[in-house]
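Colleague: Chain by chain, the residues:
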Amino acid sequence: MFGGLWQDVRYGARILLKSPAYTAIAVAVLALSIGANTAVFSAVNTLLLRPLPLKDLDRLVLNQVLREGFDPYESSLLELQAFQQRSHSFVSIGAARQRSFNLIGRGEPERIRGASIAADYLTTLGVKPILGRSFSGQEDQPGGAAVALISYSFWQKHFGGNASAVGETLNLERRSYTIVGVMPQGFDLPAAADIWVPLQVNIDSVPLNERAAFGYEIVARLRPGISLEQADAESKSIARQLEQEFPQLRRGWTVTLIWLRQALLGDYAGRVNKALVALMGGVGFLLLICCANVANLQLARGIGRTRELALRRALGASRSRLVRQLLTESTLLALLGGIGGLLLAHWIVPLLAAINPIQGISLADYFRNFNIDGRVLIFALCVTLATGILFGLVPALKSAGEREVMPSLRQGDQHSASAPGHGWLNILIVAEIAVAMTLLVGGALFVRSFNRLQHVDLGFRPDRLLTLKMILQESKYSEHRQRVAFVDQVVERVKNLPGVLSAGTTTNIPLEREITYDAVFSVEGRPPPNPKDVPITANRLVSPDYLKTVGVTLIKGRLINETDRAGRPPIVVISEELARQAWPGKDPLGKRIKRVRPGQDFPWMTVIGVIKDVKEDLFNYRINRPVWYVPYAQVENNFPVNLVVRTSGDPASLTTAIREAIHAVDPDQSISNVMTMNENLARVLVTERFSAILMSVLAASGLLLAALGLYGVMAYSVSRRTTEIGVRVALGARRLHVLRLILGQGAKLTLLGTAIGLAAAWGLTRLLVSLLFEVNASDPVTFVSISLLLISVGLIACFLPTRRALSVDPMIALRAE
Amino acid sequence: MNSTELIATEQTNASNGNGAAPLIRLSGVTKVFLTDEVETHALSGIHLDIREGEYVSIAGPSGCGKTTLLSILGLLDTPSGGSYALKGNEVANLSFAERARVRNREIGFIFQSFNLIGDLSVFENVELPLTYRGMSASDRKALVTEALERVGMAHRAKHLPSQLSGGQQQRVAVARALAGRPAILLADEPTGNLDSRNGEAVMNLLGELHQGGATICMVTHDERFAQHADRTVHLFDGRIVEDRMAA
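Just so you know, the sequences run in chain order A and B. Residue numbering for the first sequence follows the working numbering, starting at 1 and increasing by one per position. Residue numbering for the second sequence follows the working numbering, starting at 1 and increasing by one per position.
If you are wondering where the hints come from, they were derived from the structure by calculation, not from laboratory data. Check each hint, because a few of them may be wrong.
[As the list claims (entries may be wrong)] Partial pick of chain B residues on the chain A-facing surface, computed with a CB cut under 7 Å:
(1) 32
(2) 76
(3) 81
(4) 98
(5) 100
(6) 104
(7) 115
(8) 129
(9) 245
Quick reminder that beta carbons are idealized off the backbone N, C-alpha and C, glycines included.
Please work from the sequences and hints to get the whole structure.
Modeller: If you want it as structure tokens, here you go:
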């Protein structure tokens, strides 16, 4: 048997070498498809499948607190304690709180990302230091030792990877911490942390309103046999208990558990997952188109080889023997395509990594490494073999399956309009067009959706804005007036720099991927109609010129100015959406609103201005969310300060001058996240951009391949029908008749494929609904324009063969004698 | 001149009878093929008149120019020199569309290998030239049925060519040539792909058509079949070397 197989392989190789043009085209088409599949799978593998440096990742979940059932927030100590005491779904529960530290004494002051973690955090994740030890339970108690763990990269950067780092001290926030361990390479949870210190919290002793404050990441490891759904149901039940026990704090709030991997991708709404599934579907469709194309080539060749195959049957070859031979040929072809595909994928993968769709910032080394590993290679091999069978089976069965041998032998390779197998060519090309139609509609919907998202009115002018973050040291700026003075001095110095048009500060820049600050609000004289409602607004504390600097649009009233200082009547500038929610149909100017927080009393603030809605919240980018702007000087806070500078030229060119201006005010002040506003915005729609780029490339490839396939079938048809066309012309057919004959055939195939594709697209695009923004999944403009595009391209593909048909010499009818 | 004028003069020429202008007149027709700067004279100084109702066979050895002459007569090719008048009208320099129109209305072709279209039924094959004429469906049906009945193939109208024998296929091809009531039937080796029995049957059919008034010009290299015609034109090296009436 193996001897026969080897003979088939050798013969198949000879056949492929005999037709280098055919082989090259088929290999190129297959390489394109297998390469695209492999590349997209490498992304899926990296983002969804590849192991991360966490033990049994598929058992780890993250808790989120949801406002009104949809708006995700971090957790609080309230949930942590409730889960620890009441939940039976988890083996262990850990908590962490993002922090950042001013590191001094090691060169220029540096802002280091870090976290305070409960001792259980690392054990829950299943991570141990590679050097030294983790925190002990005692160290995690209030008043415990000042100890720290450092990341592998921090260890390399600051200690050159020297083992003696353990035991050394770090000056963080003007406090000395002893390094007790080094974490494994690549591990940086939560939020790209480089330094970990113990949480040192006794929850019972924390005042209730602080216990209920969000800002903690709760991770848990599911107990064996417990599913995510079961654990989620139990957690929701606990959340309901909390709602009853602490109605003033938790009315209108619930919780949800999501897989930690999903959270690490920043995929709280599940869009990355869905987008990757849609893309796998897209490349799968491309594979089908390629298979249909190559199957058509094989069929056409099979028709040309009728005599050879009939002869083999006459010499005693069974049908199965011929099928095996033909399948060996197609598998050889697929393997060549697979090799080409892997080379292509090797080239595409870095491009994919460059448009990585993840929003998360942790484990970046893992999530940005789209390399082709063993799993991807196995996938590529499976796709290659499946492709070989898929495109080879129909032609093989068809070519080897003629019942009568003699007619084929007599007919030999004689051309005939109704050659056997021609019907299959038509079926395959119709299928190809239908699949291309589906792919194109999907791609167009993604592109339209992305286009809409890109053209969403941000409510401010992002051009020529430079932003940077400053976290003021608590030890140095313990009083709010000190912070206000610092901000005033920095803004004043920066405003006077050449090339600076204006400058201001805010506690969060719009759409940033950091912790953002919200506030529950209460409207004077108007309690919420539904007690379950949690009216919330983005809470931004800004310097006088901030709103002018970012370029908001004032609708009525005025913006915050220099007169709005501490000691003056509290004022607020609100967005249209907040005005609509707080005072529907009424003029909000002069009305009063305040922040609500259990255990605290905030002053009423008078609305002095209304501005057009500003996109402040990354998660809620697709909707208009209320936002208010309060003078920084009027509200005591220790939030980070973000400096925003509008420049007359390239904003990045002023970075050094601005750094110097800040350090002139405070030489120890760390500066981080220096970027232009456009760089910040570029990270906003990464998932949507990833999907739109890939789907449009896939759709364009599908269109091109379908057009090539149609061209091939039509060209083949014309070559088979040359004599027929000659006869028709001899009988009096004019150009119009020939045109109608050939173009009509192509148009029929195109229209039929388009119609089937329309129906398929209508069905399949329902699955994309949650990924689309302001575009209906059955958007008539998209469906009609894509149909017209496909029909036009189809007719263009038929044009060259038609031209050839028009030039057929009727003498051929006589020469055929 | 355009083809509309040609059709309009049909009645006038027909009424002239045998004594009037010939149906076809070739005067000094030459055909030169240029291949790699080598001139091949396929036809040289052909003078040939074919009158209405004549049955002419063109005979000669392979490569003597028979098929080239037939293709010029059938407006499938243009002469390099000389003139070609069909029904008294010059046709050598008509446009592609006009030539197609004249071919469709005035000339009926019978090919050696039948050249039936495999995807079309017998009826549709015969109907094909009539569809190019823009004729109504009912008129086409009447003409096709009549043509098929004349060749004895009406009972196989719904069959595909592949379901017929060679002889039957050639009868269908004759019906297709006849259906449009052309001025002349051009037959190119009509028995070349048939066995002797079927060949004889097709020749008898052509004889019957001639008896019925059809003008036929047939190319053959077989002397036996050439003798079925009233007149035989012998070609040799692209020239007419003999033009004789049957005894």
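Colleague: Failing hints, ascending?
Modeller: 1, 3, 4, 9
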